[in-house]
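Engineer: For reference, the chains in residue letters:
Protein chains: 2
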Amino acid sequence: MIEPRTLKGFRDYLPAAMLQREVLIETARRVYRSYGFSPIDTPALEYFEILAGKGGEEADRQIYAFKDQGGRKVGLRFDLTVPLARFAAQHISELGTPLKRYHIATVWRGEAPQRGRYREFMQCDFDIVGADSVAADIETTLVIIDLMKALGFERFAVRLNHRGVLNGLLEKLGLADSGPAVLRALDKIAKIPRDKVADEMMAAAGATAEQVDQVLSLSEMTGDAVEVLRQLEKLVAGAARGEAGVARLKDITEAAHAAGAPPTQLRIDPAIARGLDYYTGVVFETFLDELPGIGSVCSGGRYDHLAERYTRRRLPGVGASLGLDRLLAAMEELQLTTAAAAPCPVFIPWFAADALPEYLKVASALRGAGLGAEVSCELKKLGKQLQYADRRGFSVAVIAGPDELQAGRWQVKDLATKETQDVGATDGEAELIAAVRTVIER
Amino acid sequence: MIEPRTLKGFRDYLPAAMLQREVLIETARRVYRSYGFSPIDTPALEYFEILAGKGGEEADRQIYAFKDQGGRKVGLRFDLTVPLARFAAQHISELGTPLKRYHIATVWRGEAPQRGRYREFMQCDFDIVGADSVAADIETTLVIIDLMKALGFERFAVRLNHRGVLNGLLEKLGLADSGPAVLRALDKIAKIPRDKVADEMMAAAGATAEQVDQVLSLSEMTGDAVEVLRQLEKLVAGAARGEAGVARLKDITEAAHAAGAPPTQLRIDPAIARGLDYYTGVVFETFLDELPGIGSVCSGGRYDHLAERYTRRRLPGVGASLGLDRLLAAMEELQLTTAAAAPCPVFIPWFAADALPEYLKVASALRGAGLGAEVSCELKKLGKQLQYADRRGFSVAVIAGPDELQAGRWQVKDLATKETQDVGATDGEAELIAAVRTVIER
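In order, the protein sequence lines correspond to chains A and B.
Numbering (the working numbering) for the first sequence: 1393 to 1834.
Numbering (the working numbering) for the second sequence: 1393 to 1834.
Keep in mind that the hints were calculated from the coordinates and are not lab data.
One or more of the hints may lead you astray.
Said to hold, decoys possible - The calculated DSBU-like cross-link candidates involving lysine-lysine, where the alpha carbons are at most 35 Å apart (straight line), are:
id, chain 1, residue 1, chain 2, residue 2
1, A, 1626, A, 1583
2, B, 1446, B, 1580
3, B, 1626, B, 1580
4, A, 1446, B, 1465
5, B, 1810, A, 1446
6, A, 1642, B, 1776
7, A, 1776, B, 1642
8, B, 1459, A, 1400
9, A, 1541, A, 1580
10, B, 1583, B, 1642
11, B, 1810, B, 1776
12, A, 1465, A, 1583
13, A, 1459, B, 1446
14, A, 1446, B, 1773
15, B, 1773, A, 1541
Please build the complete structure, drawing on both the sequences and the hints.
Structural biologist: In structure tokens, the structure reads:
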């Protein structure tokens, strides 16, 4: 006998959780497609050399790597960006630009499992590859906002920054060479006191108190996007890259507002430093107003050199990644998930032994009308059957014993209110279907 | 520079193929749910001991197995049945029976790649675990038929057999001990001449010419299900297991016919021998009338001891697996796939530089009405833009230059017929939306 268990950091998805996950995935798919993004898929296993060396030694150690049956060194993908880069280098000539793709797939990282972090999780990325224009930045912003709304969130904000703003300011202050050290310190501003951050900037980056004040002002700007952009414009005035960054952010927010994005859902946050070693333009993070502590649920940005390890062709792009599992956890916490529900609304108990063909016929008619129906696959007493139906979360039971069947009648039972209605089934099930539909739509 | 390539036996799914695959998956999901099946998911990686020893040494060698960072011996799942068995042993007490689950997921086998066979492919399984009754067998039959119809097939047949029929006949003939050798020979009847099969049966199983005739009569019965069952009844008369098998097949076909399954789509094929070492009751295979050569596209059956390696609890069940990739190939050959299409119907060219906000606003209104719309993310001449729209397979272009925008007019262009219609956009885009919808539904 072998003990049935999953590996540490891995988990099964039981029906209730998986139904929620499918709703999320379906919603993301619908939103991505409505903007003209197409799905792609890539192998879970890639040559190790394709995957390695992207995120430093620590990241390489997290790759599930091994030799396959043919002696090739292979690894499981740890994100969807490296596979996209390889994919784009390989297929972009055939597919043409812009390549607008979404990719919803599993990735694996052998990191130490923590609460809410798993070694196997799903990513949900969308990117526009081969487009430099501001229109692509704007579209990415709008997709994130639409996606969050479609998932049922109202109180959230997409926060924008631009690499040029930070770099422009550092150049203007003569701190360009200590950029990484300054940014590392700035990145801690939400977690440790201001004076500790200031101390670190002075010690590690050799910044003066005045320079520190200017850098930290990035994290202290308040107001809506228009207001923050005005302050930023002043701060970086004279630094060409900074001015260009602010102008780009202005174009993005103005166009997004014109397209209907409300100011509360689109903010400028000049302190976002994360991921700036990879991104080269606009950067996105998305926070839930009610759960800021869980971090960004949808992050991304613009990059200039997607596939530079695999091709000499310049492939700039912009996109973002929805943190599916983090979002699921958040939705549970905010009670945005629907209650455990059956995968279809109707249950038909099998309690009159000979009546199975009748039950199957009615189920088939209901399905034909778009109303999913499960016929019990166990002959049991009606009471037991209705307990099962309640436990599974069906909405309606359609019930008939031998007498009812003889009389061509069905009982339609609302499993929430327990009300029962008696309907005929002699007219091609139309009356029955209508009664079931009424209960479901109640 | 690293060469961008995929591993041998693995492949990328480009947008056109992936759109088709998503349609297939969505259809399968819809049909499974309409019968009350819920989704589950399990880890791609399992302890090797969970996976190993199921299909003999050759099968074990095909498992992608390795030691993980923690020194555990792990492997990638090679089917969805072993994970289901482990899952059921682990969670069935919590979930209760019957457990009706579907599982659509990737599996990996390190076998020699052949035409149409890959080392990574998707399986699409559904099973009812914990149900002995004939109702579960009937439901499985109906799901397969509905699934095939929902995928667009009309000319197909689900072929049923029952392990009891074969075993009953072998017992009756006194050949029970040489069962495996007889079945291995019988299994070749479609590929090699009858007398060669007969020779093999006589040589390997020690059967007499008369015994061979009786066994081979299984592959020579013609007629619809009712007719074949009548012949089988005679053939196995007196062998209890055989009679029970025939009776079960009769119950299944009668109920399925009553529920609307046409006789052409449901046949009895007493020669199906495959998988009989695992299955203990009814067995299913599904063939396309026009492409019998590609083999069964949906196969399964009833088993008595799903999880016996992981639990002492008896878990019988019945289910089947849709061969997603094989079916996709068949649909391409039969031209059942839709032509390469864009993921959304509307394209809005960006050719008047300042008009981007107007384009975005209209796109947003169209999306609000359920009509997906891509706004070009590159500023280019109109002619180039329309070439892109044709290449990508959009249905409609919604076009406005500076003059039209000033006048509040849009051109709605049917990209199939090239007809253009001039509509207003001053009334909250209602007129425009109606015009676009008319072209799409044309």
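Engineer: Looking back at the numbered hints, which does the structure fail to meet, lowest number first?
Structural biologist: 5, 12, 14
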